[in-house]
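Protein chains: 4
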Amino acid sequence: MSKEKKKYRKINLHLPQHLSVLKRFPQALLPKDIGIILAYTDITKNSVVLDSGFGSGFLAISLARFVKKVYSFEIREDFYKNGLKNIEKSKLDNIRLIKADIFTANLKEVLDIEDNSKIELITLDLPQPERAIENILNYKNFLAKNCYLVCILPTIEQLKNLVLFCRSKGFLELMTTESQLRDWQIKENACRPITTQVVHSTFLAIFIIHNEVEDKNLK
Amino acid sequence: MSKEKKKYRKINLHLPQHLSVLKRFPQALLPKDIGIILAYTDITKNSVVLDSGFGSGFLAISLARFVKKVYSFEIREDFYKNGLKNIEKSKLDNIRLIKADIFTANLKEVLDIEDNSKIELITLDLPQPERAIENILNYKNFLAKNCYLVCILPTIEQLKNLVLFCRSKGFLELMTTESQLRDWQIKENACRPITTQVVHSTFLAIFIIHNEVEDKNLK
Amino acid sequence: MSKEKKKYRKINLHLPQHLSVLKRFPQALLPKDIGIILAYTDITKNSVVLDSGFGSGFLAISLARFVKKVYSFEIREDFYKNGLKNIEKSKLDNIRLIKADIFTANLKEVLDIEDNSKIELITLDLPQPERAIENILNYKNFLAKNCYLVCILPTIEQLKNLVLFCRSKGFLELMTTESQLRDWQIKENACRPITTQVVHSTFLAIFIIHNEVEDKNLK
Amino acid sequence: MSKEKKKYRKINLHLPQHLSVLKRFPQALLPKDIGIILAYTDITKNSVVLDSGFGSGFLAISLARFVKKVYSFEIREDFYKNGLKNIEKSKLDNIRLIKADIFTANLKEVLDIEDNSKIELITLDLPQPERAIENILNYKNFLAKNCYLVCILPTIEQLKNLVLFCRSKGFLELMTTESQLRDWQIKENACRPITTQVVHSTFLAIFIIHNEVEDKNLK
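Chains as they are written, first to last, in our numbering: chain A, 8 to 226; chain B, 8 to 226; chain C, 8 to 226; chain D, 8 to 226.
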């Protein structure tokens, strides 16, 4: 009936230099979403971040520019190998890429957090983040008193599962959102929004895990 | 510095059958914008519409499905010739395509509004709509007491000129807006918005011309 | 933790006169969504529409401005009573408001489609539209060969159920979308989008029911 | 004519703790926009930032969590006084708030950049940023070889003036954009985007100033 017309148009991802030098796999998180994580959590230069999966490393590398240390898990061989190269290209020395399964890894053995640093942000860009969270919760003494959890999920079904799971765990719900850019064409007599744009990359859910273990340690 | 990455993606315009059968020039108004005109004005089956420029005829033909009569001006030879063909394809008999310049045309001579019908909607999809409006205002006795004016303008500069002009004329300002669709992918376990979308086609400004001439006629 | 700041701001719904005169219940469909239905289906002045539930009547009354006849079902007593008043206010004589349950109504008895008119558009703004569709499919001889079906559904779960149901029935899938307006403030030296806007009212799913019964009748 | 209906709804700004503790003036930059600056520039823990005007300090304080040093100018007495308090609340010791006019200040005297640090990011959230840029360009030896410039401008007129000015200066144009969040309501059987949202706070323009002075210094 209604004949479907299709058009091809250019999309500009605006990658900054610290990302554009990296080899990128298709599902790489976009800076617009990385910006949400940087702006809506309370991490600082002194923060330790736990990240999984590394993927192309866009998130881990963007965060490592600013924080003290990023521990990132990657189970896929090809992502891990490319990851080591991307970290080298980034010239950052505060990312530790760990080839292990975040669903089952013994964090006590795998992470060698030397000082008393506590994880202040967990970023999960993988299917079934609930399984990663269950494993991480076995190592509560590694988590800060108020540890941010950010999950990156492309579909509504995944987002809903994660949000309902986090509520059942009593985590504090901060945001469930998507971000969108609207680029502008600026010309002397012809300013207008760009015709075609990426309007969806992923959903983001941000929670705080109130950690009583750390609470007690502090007393 | 930041290397610009580009991607090509498909865009679905969702043309209904009454539009997909037509030959389309690049600037054709999209149905999402035509819908705004149909929904936010008070036209009915009995309305007479004055339209310019005809272009591909998407707007004139979409309106003519519903209203009594559409008078449409087109000055460009190629658009006019294709317009006659598109009207034939539409199988509608209530569109009169007029090859004349709306900036200067003598509406009294060109329009042969036989009965006492009054124009209830003016749609202007052309640069410098102010010049068309100035000419149309010379023929106020053709306009209904409250005549809607919709201007279709791709850039902010055009939109601003038009809005300030209409305010100076004392027209009633109803809306200055853009419309945007967000299409969804629905799958058993993977519902998400479509990645890439047309986010800007045009701005729309909707005014009401309070017409005192018609007012007096009615007394 | 993160203290939630809240602000109250004005939202302008831009109701045209034919809707602003009506008494409105909270869930009334907005013109932006009505426009999608008018623009993306192939209905004309000769079309017959089947609508349910009537609600405040915004959709039925907007459609009746243009089409031949609208049959609208409403089961709730308060909506039905207000509906009769709203139809009177609209001064339209081509809407028949039927107090019956679209899930079970005998359309043959309830609709008295005198001539050979066929329904060209079905609009369902109610929970569980699948139940209405199942009932309507018992009366295929009332449907045009290609009958548009538009479902108006506020949540993703409803949208997904409906889309998967329609696919299982073999309907032709045209669009699954949301529409959004972006209003602009136009000032001499301060043009900018309005700060706060309605960004979600409902999802819209548009299908075509290929009706073989009508097909045979035509031969 | 069309009666304007208005509604008041709640808007959640999702301020993280490091911002929610601050006293906020109405025009404070939102985290969604701060995130764009953090994600699309190449600043790191070692970066020096020049910021003006301080305002409520949301941007300066958000940046100072991550970078080495933020110099921020504020000329308004009330903003300056509140700014000192907000910096104290932030517990950050790497922000220097300077009560001076960025349009005319002698940066050599006012900034006492002790070591050889160079400014890697300039953020301008003020009317007429061109005047600030003209002044800053008198002190090119303070700027890094590739210095990011981000201008925060609420209106299209300001954005256009700035972009045309930066092009005339030969700066590298990276992005001219707006960012928008779409928050989601997640319920067991009722997931949907939030009805009303902030859709415009500001435009953002991001440029790179290629600085030949620094270039020569490096040789």
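Treat each hint with caution, since some may be false.
Here are some, though not all, of the chain D residues that point toward chain A, as calculated from beta-carbon distances under 7 Å [stated by the list, open to error]: (1) Leu20; (2) Pro38; (3) Asp49; (4) Phe73; (5) Leu114; (6) Leu118; (7) Arg189; (8) Ile193; (9) Ala197; (10) Cys198.
With a cut-off of at most 30 Å between alpha-carbon atoms, the simulated BS3-like pairs for lysine-lysine come out as follows [as the list claims (entries may be wrong)]: (11) C:Lys98 / B:Lys152; (12) A:Lys152 / A:Lys194; (13) A:Lys125 / D:Lys176.
In short, the hints are calculated from the structure, not lab data. Glycine included, C-beta positions come from ideal geometry on N, C-alpha and C.
Structure-based check of all given hints:
Violation of the interface hint for leucine 20 of chain D is found here, the shortest Cβ-Cβ separation to chain A being roughly 10 Å, above the 7 Å cut-off. With a cut of 7 Å, the hint placing proline 38 of chain D at the interface with chain A holds, because the nearest CB-to-CB distance is about 4 Å. Interface hint status for aspartate 49 of chain D: upheld, as the beta-carbon distance to the closest one in chain A is roughly 5 Å, under 7 Å. Evaluation of the phenylalanine 73 of chain D hint against chain A yields a held restraint, the C-beta minimum of about 4 Å falling below 7 Å.
With a least beta-carbon distance of about 25 Å to chain A, the hint placing leucine 114 of chain D at the interface is violated under the 7 Å criterion. With a cut of 7 Å, the hint placing leucine 118 of chain D at the interface with chain A is violated, because the nearest CB-to-CB distance is about 22 Å. This hint holds: arginine 189 of chain D has a C-beta 5 Å from the nearest C-beta of chain A, less than the 7 Å allowed. Among the interface hints, the one on isoleucine 193 of chain D holds; its C-beta lies about 4 Å from the nearest C-beta in chain A, closer than the 7 Å criterion.
Because the smallest distance between the Cβ of alanine 197 of chain D and any Cβ of chain A comes to about 10 Å, over 7 Å, the interface hint for this residue is violated. For cysteine 198 of chain D, the shortest C-beta to C-beta distance to chain A is roughly 6 Å, which falls under 7 Å, so the interface hint holds. Note on lysine 98 of chain C and lysine 152 of chain B: the hinted pairing holds, with a Cα-Cα distance of about 19 Å set against a maximum of 30 Å. Taking the CA atoms of lysine 152 of chain A and lysine 194 of chain A, the gap is about 51 Å. The hint is violated against a cut of 30 Å.
In summary, the hint linking lysine 125 of chain A to lysine 176 of chain D is not supported, as the alpha carbons are separated by about 47 Å, beyond the 30 Å threshold.
Figure legend: structure checked against the earlier numbered hints; hints not met, in rising order: 1, 5, 6, 9, 12 and 13.
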